[in-house]
Each structure stands twice: as structure tokens, then as C-alpha cells.
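Protein chains: 4
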Amino acid sequence: MRDVMAVILGGGRGTRLYPLTKYRSKPAVPLAGTHRLIDIPISNCLNSDITRIFVLTQFNSASLNRHVSLAYHFDAFRREGFVNILAAEQTDENMQWFQGTADAMRQTLRHYRRFRFKHYLVLSGDHIYRMDYRKLIRAHEESDADVSVAALPVHRDKVPAFGVLSLDDKGWINEFVEKPSDPEVISKLEVGPEFFESQGKDPYEGYCVANMGIYVFDRDVLEEMLLGSSELDFGKEVFPRAVAENRRVHAHLFEGYWEDIGTIKAFYDANLDFVEIVPKFSFYDEYDPIYTHARFLPPSKITRVTADKVTFAQGCIVDDSYLRRSIIGIRSRVGRGSTIIDSVIMGADEYETPEVKANLAPGVPEIGIGHDCHIEGAILDKNARIGHGVRIVAGNGPEQQGDGWMLRDGIVVIEKDAVIPDGTQLIFR
Amino acid sequence: MRDVMAVILGGGRGTRLYPLTKYRSKPAVPLAGTHRLIDIPISNCLNSDITRIFVLTQFNSASLNRHVSLAYHFDAFRREGFVNILAAEQTDENMQWFQGTADAMRQTLRHYRRFRFKHYLVLSGDHIYRMDYRKLIRAHEESDADVSVAALPVHRDKVPAFGVLSLDDKGWINEFVEKPSDPEVISKLEVGPEFFESQGKDPYEGYCVANMGIYVFDRDVLEEMLLGSSELDFGKEVFPRAVAENRRVHAHLFEGYWEDIGTIKAFYDANLDFVEIVPKFSFYDEYDPIYTHARFLPPSKITRVTADKVTFAQGCIVDDSYLRRSIIGIRSRVGRGSTIIDSVIMGADEYETPEVKANLAPGVPEIGIGHDCHIEGAILDKNARIGHGVRIVAGNGPEQQGDGWMLRDGIVVIEKDAVIPDGTQLIFR
Amino acid sequence: MRDVMAVILGGGRGTRLYPLTKYRSKPAVPLAGTHRLIDIPISNCLNSDITRIFVLTQFNSASLNRHVSLAYHFDAFRREGFVNILAAEQTDENMQWFQGTADAMRQTLRHYRRFRFKHYLVLSGDHIYRMDYRKLIRAHEESDADVSVAALPVHRDKVPAFGVLSLDDKGWINEFVEKPSDPEVISKLEVGPEFFESQGKDPYEGYCVANMGIYVFDRDVLEEMLLGSSELDFGKEVFPRAVAENRRVHAHLFEGYWEDIGTIKAFYDANLDFVEIVPKFSFYDEYDPIYTHARFLPPSKITRVTADKVTFAQGCIVDDSYLRRSIIGIRSRVGRGSTIIDSVIMGADEYETPEVKANLAPGVPEIGIGHDCHIEGAILDKNARIGHGVRIVAGNGPEQQGDGWMLRDGIVVIEKDAVIPDGTQLIFR
Amino acid sequence: MRDVMAVILGGGRGTRLYPLTKYRSKPAVPLAGTHRLIDIPISNCLNSDITRIFVLTQFNSASLNRHVSLAYHFDAFRREGFVNILAAEQTDENMQWFQGTADAMRQTLRHYRRFRFKHYLVLSGDHIYRMDYRKLIRAHEESDADVSVAALPVHRDKVPAFGVLSLDDKGWINEFVEKPSDPEVISKLEVGPEFFESQGKDPYEGYCVANMGIYVFDRDVLEEMLLGSSELDFGKEVFPRAVAENRRVHAHLFEGYWEDIGTIKAFYDANLDFVEIVPKFSFYDEYDPIYTHARFLPPSKITRVTADKVTFAQGCIVDDSYLRRSIIGIRSRVGRGSTIIDSVIMGADEYETPEVKANLAPGVPEIGIGHDCHIEGAILDKNARIGHGVRIVAGNGPEQQGDGWMLRDGIVVIEKDAVIPDGTQLIFR
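Residue numbers (my numbering), protein chains in the order written: chain G, 2 to 430; chain S, 2 to 430; chain L, 2 to 430; chain F, 2 to 430.
Simulated from the structure, these hints should not be mistaken for lab results. Treat the hints with care, as some may be off.
Identical chains share a label here; the pair holds if one copy fits it or two copies do between them.
List of simulated lysine-lysine pairs, BS3-like, C-alpha gap at most 30 Å [said to hold, decoys possible]:
no., residue 1, residue 2
1, 159, 266
2, 358, 180
3, 310, 180
4, 119, 136
5, 189, 310
6, 281, 136
7, 358, 119
8, 281, 180
9, 202, 159
10, 281, 358
11, 23, 119
12, 281, 266
13, 202, 358
My request is simple: use the sequences and hints to build the entire structure.
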């Protein structure tokens, strides 16, 4: 698709995902024990034959740049193919940081404009879904819209969490309502079953359609809108104005799994769904894979283990343990006698060498999970050091935090590089 | 090491490894569920900073070429780095196939001679070991030898299976005896503990030293020896003649694991050793890894499984099974109620799509292992289709074969792409 | 184009291009001072979004393999993208060399058949043209043909050199005549201006249409034809039989430059045309480039030179010379006082280091062209060493040859690596 | 060299090189018609087997990131090899831009510290030289220094432009004087011929040694110095303090060409020296090349041209012109009847398509140089559009500027993307 320029909005500091975003930008948060959030929109682009991709971020941009440059290097025969991180930069004209997603696009416009293309595809870095964007772009072209947006059918009971689109019977958008809660308003936003049928879908009743944060803009329209304003936020200001200004804004229905990984709870639930035999989102598709940094790691070695609904990434060593409904991420080490239940173990960035292990300070455990531990309802971020006999059981306590951990949304999050000494008990049941 | 040109002798038809070599050359045989035999010498070269590597083969060369070109592409900054398969080719001067390993080197000499280097490093494609060749090459240079060969201490009881080197007390080789069996001859070949001590090793008693098939030749010496003869085999003719001609041939002692994967039994044993907690050969070394083709595969998904001494490669799906002391290779599928013991499952080259599965001929199972199977003492080559209720139990019966399988060295080998229908019973206990 | 498998027939020994094919296969012959013949069909494939490409050759296959593996490595996101050389190989079933292009395809069928695709695109390695194969394949699909072939309008005076297609008024082929010379036969083969007009072309009069050697076969059709016969040649046996058997064989008209580089004369003329301001075939197209191995070479350095219709590849050093209507290939060196006219200088594979130069045997010049030379009407193959005061002037003498050179088609060809001593006079005017 | 981490200081806004730095950071300034300044230190690193390279910049960082990610992608077998641009980023701890080179290193320390290494190699992005850093690092290790710095012998007459090192007779540095002008001070800084001789150099007389801005720091020393201060500039504050604090600071003599491209004049002179037959700095070295982004461009096409001391990069089209002592950069176009003397033509980032040319606004020339132009003593930045009949002749006028040009250091600089209409006369002689 030589006509398309993809721009992925990296978003802000990701406070709702804190502490996973303590040392990294939101798109760099690890997913499913092997991937990172940014791999989803990039892979969707690649599988849609879109190979010019910019990612905008200024918060902890270096680690994202590192991941992307290791994982996504294209051959020279794609001509203009690239995935480029655009961090904030100082120029002759501008000495400021990005002030929001729309400001980031405005400041970086000159990097897009040197290319030839017709449409901007504007994406987020924190959604889970599989989409062939070519369909959206073709629908955009065929409807002769200025702006198109992917739209998700959502039952009226759930719409207070979404931005909701008011459609006419051809799918043109005449209003955009952010997180409606008034039942009367919601009733007006309801889309009748006839509309869904006219789009070749099931005749949903009692449904609205929500903005998925996946936009196609005609190049001229977006550049004019950005340059003619000083709006800071893309989803909250630029897109609503396109509707308000009576531009031709069209909704393109999407059916399938789509999830906004906005909170610790949503992140945790999405990860644990991957272990199901038939998960809502599958990484298994040899023709349209979800890519990531391909590593040279050995198979996982499992000794005396009972595992039920567990995914093992590469390079794990698990000894004499019981594992249930958990993600075991790359290079994870689990000591004998341990139990892991309902947990997301992100794994490690590297193996500790024998010399490093020999020189650990007193009381600092090795990276991984020691022996005789019980981990339940937790997220262990990368390189966490869990000592022997540690018990972590999540529960619905109030949000709180300690040295290297946080209880949030009822889930215990062990921070990246955290040290949890032998015998620690974090029980919130 | 800009002074070194590595040449890996792919060997002949690999009859002792048949049927693993039915559709592939010996260096392309899969290892450990993820790798291929050729990955071992190539990785040793890369970890020794040797990046000019030719692999000679004419038997099923295309699949080896494919693996190597996918796995080992070097960046442009290495100048002359490459791994090139040299298949037999017709030229103005020669219209013949390779007649042996020495003939293969002779026929391909012009491809090496265009480079600048001082030493040939001649390797085999079917050994398992980890070696820093730089030490061997430095010892070669320091001793001012014409030829150096890596030498393994072997107890006299085991030497009838080896090529044995007769050494003086400085490590110079004065005789080479292929597979000696006469105890008197062996006694003469014994190397005293003083020699081992002089080399900084333990003072082994009752040991000889064996030829490991890892040679360093001065460039001029080897080219002269090849061009001045019509010998066909490298290890059996060229190297022995170097000794017989009183060239300066030196032995460089190696300590550590080294295994010749020459037979089905040796192949099987070497694979099953990888599942040990402390295996003889480890793929785990983040600084000197054993490389292979890096793939985009999801984590393995394990549901209701008890596993003991098992390695899982990427992309497996195992359901409700009992696994013990086995290798589970990439993309393996194991159906519920199955038991796998003491087996090497090589996995699959690709996932079958739903359409393919829907169109299988009657009686043809899906790729993988069906439900309620019992597999014990077996090697399942790639893409084998094992139906439901299949029982395979190896045993010490005479060599025999059936449709898609072979009993060899007491191990059942299911051939690549074989179809083993529902309910098949192959029990040789 | 995931439905297409491209197979490039490397052809035989290339005797009509000898001595350019003395040390290399025909597709590896250097072109335009920077490229090789094989770069043309591979680039056309890449620019047509076809990325599964096999090249069949057994004659001097190693150098072709080397060029292709250096130049055409695809990123991992193309899934099944590759350019693979298939050299002859021995297998369990077959121990023979390729006996012709059809036999080569038959012997290598198993390598294609493991992929999913619908059409074979069969190409030659020795034609110069720029074609978007997607148009041909779409026409093939729309006409529901079994076989389609690209067809070139050729004036009846020139058809004795071509394979000529007899068409009905829809473009279906009912006969194939190889090199017709009888005027009556040619008259019958003439295609009226109405046909050209019906295809949206100019109403050529007195034209036939010729087979360009660019075929699309339905997968099943080609596999059945190959497996059901023992034909050896593709263009002379398999394709004509498709016509003779009344399969649906369709012609797809092509307009534009197409040249078969079959002889020294054709090769020479095609090269010299590249220096024209508006050449028949242009390498200049940043969107659909002709690729080759990208090298790190410095700009060409030109001192006191007058040049008219000359192309300079990278890394040349030309001193105090007069150059006219010539190709100056990579790393060419031209000494002071020299004149080069109407010549193709292929350049050098590497620079000679000062040490190498210092150690040349007496009378052996450096690589390149010495001082005070006159080169006219010649092709200098790679790494030729032309001494000082050498005069080479081609002419219409009978074919003849000497030490390192050959007069063929009235052109002097200096062989690869040839040594032409100081003062040599090769004048055939 | 696994023990070394290279950090290239991208520097500030590059005001002395303005307007070449108007749209790019200093390390991204084009050099020699094909390269960029940053290619020099990166290539020196690669040729010294140093493959972990960070480049620090915040000013116009995106274009530098783009060049580096296109040009310097390493294969996966180098383990930790990379060239990473570190732009300013916001983190949990820091929301500020870099305040100087030392501050930039301090802010980015956490990106280096995750690696294992012993020495920092700190480099600049705006010097031209060829150095094997391994010698410097070995000398550093052998002398057991805390800090080592490459030192250039400079005649006392020229030292007022340099930072000068005061040495004892073993090369230890006891004082650092920035740009000394007092002859007495200079006399004290003179290093006697005995010292040069003791270092194996010629016995220079009347020479001092200057700081080349190439530093090796022990890891601990540099991290302690950065974290224990709030110094902003590396060369002016951190390094002098190392001397002032009596750390073990050692000078390592370098002989050869080294040039600081700090001004328009220095940049111009360095470029024009490349056209000499024996230039001070050569890009010609097939074993230690200066790398850059390898492009797929055709040979340069030269018709009716007389050229003397000219380098042609790839893809130029030059017609009926006279060129003398000039750099002709990639994709340059020169119209008939033009003369180019003593000029640096940087070329173009892409070819203009026929459609673009057809749609140029009235009075806007095509990219390149029109016909009947005279360009002398000028630098034409990338994509400049020089109309027909333009005359540019530089001279020693006062610094001044106009629309798209600037006279600086007596050289006319045409800005990137500038439009110079037909008939413009810029004559300052």
C-alpha cells in the first residue's frame, strides 16, 4: 500500500499502567511473555502490506527505539519501508517537547511530508486486535470520505467506557460522544439491527458503535487540520472537530476481538486469556504472524512439573513446580517446590552469569523465582528477583505499595528489577 | 580471524543415519527440537570470530542451502563474511560430481583461492561439541606446524571406534592408526600421564588420543597436497598421508564433550542428554550461543500436562498428556491422553491450516501426535502424522522397516512426512 | 503476489556468449559496468511484488549463488520471500545432472511443491526488459488460460530470428513456429492491425508476434506436463506441446524494449546503448530500480579527462584520458594517455593492494588499463590486466583467438583475469 | 573489542557550520558527495571491531536516526552490536533536554550501564581521520591510565587554535591549556624531539601536542565523574577536571591526517582535498572502508564533458560541461554549457519524477544545475535548484546572506532545497 503512511501515537506517561510504565513507554510494555504492545499495530501494518511506519513518543523513547531497531529492520528492496521512532527533537523552529499527541504529529509533520502518499493511518500503541487495514482503507476510498474510523459494536450497557459514534444509516458520523452515561443519550446513540444487517453483520439489538482509535485521514485534510489549529490531543480534539466541522467522517464496522490495554486489570486479563485453548486473540497464524524481536534462545527445560493452561516462552528453566493459568515469559527460572497460579511472569532480559550470581550482595536473590514460593494473582515484571519461600497472593485490598511492589486493581505488580527478599509475605486475600 | 578459511565437509549420503537422511543431507538433520547439525560447526566458527565458511555437499544440497541462507546472513560490515554452500557444479574443466570429501575440496579450490588467508580450518558437519577454534589456530601458529589436528583423550577400551594418533612427547604425530583393535597396538598408542600433565591436563592413565576430525592446514600445504594427488577422501587419505610424508603434524588436546553423531543410536542418545538438568552439551550460553534460523513462533501452550525432563521448543500445543525424558520440537502437537517417554519429537515445518486439515484424505491424520497415543523409545522425524491410539514402543529387535518407519539400533524411527494410521501398534519390547 | 512461484531458467553453457561464460553461468555475466544479467528478471519480480524466486543452474553455479546470496537477502517479514539457486543435487531418487531446462524443472519440482501458489512464472536469465508481471498474471487469470505467454510485435522481416505465435483474433495461440523463414509461412503468421488495435495498441501492419520466453502456467498444468513426459527442453518442447495439445494458451502483448542477449554482438550493442542520453533500457527509476549487490565504493575520481557518452560506475580512477561511447565498470583504472572508444570495460572484483602490486611476476601488469593504450571496439572482462602501450582495435576479421583474447562477431573480447602484456597490438580493422 | 562502549557526542546546534546545519545536526552533514560526517567515527569503530555505539544528539535528531538506521544495521550474530541514536527523552526522573555534552552523557548513563564493558571510548561527530582505536585502547590498558586521549603533534605556530596538552616525558598529562596564545605559555607547552623519538616518531622540533577529542575513560572513573558533578560540557569541563584532579591521564600520539570540520572554510577545504590524486584522507581502502548508506543507483552518465580533478558519485547526469576541482554528489544533474570550478555539489536526495517536473511553480527550476551556469567557489547543499544562466562566484566579501544563500568564510553556500532562479548573479570576487 504505497498510498498509506502509518503513524502510531505512543501516548503519554501511561499512568494507569504504572508501575509497568515506570521505566518504559506504554508501547514498550511486555505482552504474553515474548512480545511488546507495539508489536501489535506494527504487525497489523506489515500483514496489511503497509511498511512506512512512524511511532511518536518522547517518554522513555530510547528503550522503544532499541526494541524497534532490533526487531523491525526491512530489506533494501522495499524502497521506502521503515519503522522509525520519532522522539522529540529540537529544531531551528521549535525547542519544545511534545505537548500531546496532536502536537507531536504537528511537530513531526515535516518528516512525513517528504514522502508521497494519500492517506494517514493513525493508530494507538496500546490496543490488542488483529485487523487487515487494507479493508478499512479501501472502504475509505470507496466512500470518498475525508476521515474514516474503525467502529466496534458495543452493547449499550458497556458504552459508558467508550467514545461513541452517532451514525446515519449509511455509516456517516454526525456526532461523537465521549463516554456517555445518561441512558437517554445512549438510547439516541443506539444503532438499529437494520444498520448492522446492511453492513453484512449480525442484527445486533441494543448496540452502539464505539471509536476504536484507528483512523484514516486524507492527507490534505489532516495536514490542514493540524496546521490550522493548536490542538494538543488527537483523539479528544482533532477527530471530534472533524465531526463537528461536518467533514465527511465515515465509520467502518469491525467485528472481532479488540481490547484497550489501559489499566493494570485490563492488561492482566488480556494476558491470562492467551493461555486458553481458544483464546480471544491468537498469536498463532503462520501467514499473518504477530512479529517481535526474534531471539536465539534454547527450548524451555521442564523437570518434574505439572502445568495446566500455561504458556512457556523460550529459554525457561522450571524445576519441580506446579503452574496453573499463567504466562511464563522468556528466560524465566522457577525453583523447586514453587507454585504459580493466575500470574503473568514476564521473564528476564538476560541470563545471569555464574560470576554475577557469585557476586550478588547478601540477601539479593538471583533473577527469577526461588524455591518454595507461592505466587498467585500477580504480575512479575522483567528481571524481578524473588527469593526463596516468598508468598504473594493478590486480593481486593486498597491500592498500596511497598519496596518494589504495588497492589493495584487487586493485582500485585512486582516492579522491573525489583528485589523481593527470602520469606517475604505479600498476602492481600 | 581474517587468516582463516573454514571448510565444512558435508559428507556423503549418511547411510548410518538413514532414514533421517532420506530427504536431507547429514548436516541438515534436526537436532534438539530446534537446530540442525550444521548449526554446531557454524556457531563454533562465529563464536571464534571466523566468518568465511564454505559447506561442501552434493547430496540433497538444496534443503541445506535453504536453511543456511535463511539462518546465516551476515551484515555488510564484515566485508568477506559468508556461509556458502558449495554444491557440485559443472565447469569448463570438470563435468563430474564430487567423488569424495577430498575430491570435493579439490574441485572447489578455485572458490577459496580468490581470498586472502593463511590457514584452512577443515571441519565435519556431524559432531557435537563447543570449541574456540582460535586456541587451536594459535597453537598451530606457535608450534609452526604444517598441519594441526584437535585430539581427544580416549580410554584405551574405547579406541577401537576411533582414529588414533601416535604422539611424541611434544605432541608431534608420527603415526595415525584407524580403529585399532589389537591390544598390543593400542598399548603402543597409549599416551602416558606425563604428556597430559605437560599439556596442563589431568594425568590420565591408560588413555590414547583420538582424531576429532578438526584440522588446521597451512594453506600452501593443503593446496599442494590436493593438487598433487587424486585422493578422494579427506580423513582417510589426505590427512594420513600428511603424517606418512613426515610433515609437521601436531596434536592439540581438547577436553570436554565431543560426540560423533554417526549412528541412529548416537543421535538418539545425544538428543536425550539435552533434557538433563546439567547436560553434557548446553545450548544455554548467551555469550557463545548455538545459532539457528530464528523464527517468529508463539510460546508453547501446555494444558493439563505433567512433564519430567522435557524440553519444549517454540510453538507447541500439548494437551492433557504425560511426557518424560523427551524432546518436543517446534510446532509439535500432542493430543489428549497421550504419553511420550524417552523420545525425540522433531516437530513440524509448518502448521496445517484449517482448510488443509479439512481436506485430508480419509485415514490421514493431522501432523502431530493424536490422542491416546503411547510413544516410547522413538524418534519422530518432521511432519510425521501419528493417528489416534497409536502405540510405538521400541526394543531390541532386529533391524526392520515398514510403511513410514524403521527399527534401527533398537529405536523406532518414524520417517519425515510419514503417515501412521489410527490404532497402529509398533511394539518391539 | 502470493499466488505466484517464479522460476528462472539459468540455461546451459552459454556457448554463444563464450568467452564471457568461460568462468561463469550466463545469468552471472556482468552488465552495464555494475549489474549482472540475472538482476533483470529478479528486479522485475521484486518490482512486481513477486518474492519467491528459484534460479535453476548447474553450470558454474557457485558464483551465481554467491552473487545472489550477497545481493538478495529479504527481511523476515516477507514470510516466504527468497531467491534460491537450485544447483543439481543428488537425491535418493536421482543421481543425474540436469539434462535440459525442462529436466531441471522436473528434478526440482519437490522444492516448489511444498509451497502454496497457483501459477508458475517461468523466466529466462538472459533477456533485457522491464515488465510488470502482475499485468501478465492478471490477464492470464481473466482469460482463464492454462498457459499465457508474453508476446512481442515483430516486423515480418525480422521474424526468422524468433519463435512466432499464430493467434486467433482473441489472442489464443493455435500454432507455434520456431524461426520461420518461408515468406508464405510468415504471411500466414502475420497478425492484422485490427488485432493490435483490439488490444489497445497501435495498428501495426506487416507484423507477427514473437514468443518472449516469459510464461505463466497454471500450477497443475505444468506439473502434469512435466511429470507426464521426459522432455528435456522447456521452450522447445514443453511449451510447444501445450499448444499442440490444444490447451488454452494465450498471448499477452508487450510493447517496449526487449532484447535477448544471446550473442557477443547482442551483448555488446545492448551495453553500448546504455550510454545514450535516452537509452532503450534505463536503469534510472527510483521507484522500480534494477537492483544488484550494493557495494561500499567511493566516488569515481577523474583527472584531466574528456568523456563523451560514458558511464562511470563506482570506484573508478581515470587519469588523463579520452573516453567515448564506453561503459567504465566498477573499480576500473585507466592510465594516463589512454583512449577508450566504443568499448565495454567491466572493471574489477577488487582493488589490488600495494603488496600485491609489488609482488607481480615480471611482465604482469596491474589490473586495469595501463598508460598510452588505445582500446576500441572491445569488451574487457573483469580483472583484465592491460599493460602499457597496448592497442586493441576490433574489426570484421574471422573468429579467432589468442592468449587471453578472442575476436568474435567483430568484437575483441579480453577474457576474465587475462594478462595482456605491455605493447601488445591486436588490430583487426 | 567486547570491553569497549563507544559514545559519539553529536554536539550542539553547529552554528559555525550554518547554514549546512539549518535542517540537520552536525554529524548528519553530507561529506564528499556520498557520505555524512557521522560515517567517519562509526566506520573507524567498525574497522576497530567496536560494535556497540551510541550517538547523542537532540538537535534535528530524526534525520540522523534515519540515516543511521538505514545504513548501520548489524546481523544478529554480533550479539550486542548496534548503532543507536540517543535523543533526549523524558523519564520518571528527568523532564529536561540535554544541557550540554556532559549532561547528555549523564542523562543517558542508564542506557550504557546495562552492558558489560570496561572502557568508554568518547568521540566527536565532526572530525575527519582514520584511526585504529584498538591501539589507543591497548596503550590505555598497558599504561594503566584512568583516562587516555589521542594527541596530535601540532607546530607551535598553529596551537592557538587547539587545546594543548602539557606532558611529562612518559606522556602523562599534567596540564591542559585551551587555545593558548601567549608565546611564553606555548614555549612551556612545547614537547621536545626526544619525546617524539621515544614514542617511535620523527623528532619534531617546535611542536606541541593537541587534544584530538578522542578519549578513553575507565568505566568507573567516568561514571563517578559524571555522577559526582553537574558539569555540562565534556571537552571543556569533564576532561580538564580529570587532569586537574591529578588522575592518571595519558596522551597517545597519533600521526596522520586529522581535521576538525568546525567551520564552513574547514569543511570546504577538506572536501576539495578529496579530489586530489593522493588526498590527505582516502575513502579508498577495501579492507577498512568508510561506510555509508549503500544505495541502488545507476552509474553516472557523462556526455561531452571535460573534467579535471573531479569525483563523481553515483547516479549523476552531466551534459556538455566543464568541471574542475569539484565534488559532484549523488544524483547530481548538470545542464549543458555549464562550468563548475572549486565547488562542492552535494547532489540530491531523490530524482524528480516527470510529473513533479511538469508541476513546478513558474520560475522554480528543477533540482540540479541548469544550463549555461558558472559555479565557482561554492557549496551547493542537497536538492538545490539552480536555474539556467546562474553565475555564482565566491570571494572575500563580508558575511552576508540572501534568499537561499549565504556568503561565509568567502564561500557561497546555497542552502538545502534552495531555489535560485534563472539568471541569478551572485558574484563576490
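>> Hints numbered earlier in the text: which of these fail when held up against the supplied structure?
In response: 2, 3, 5
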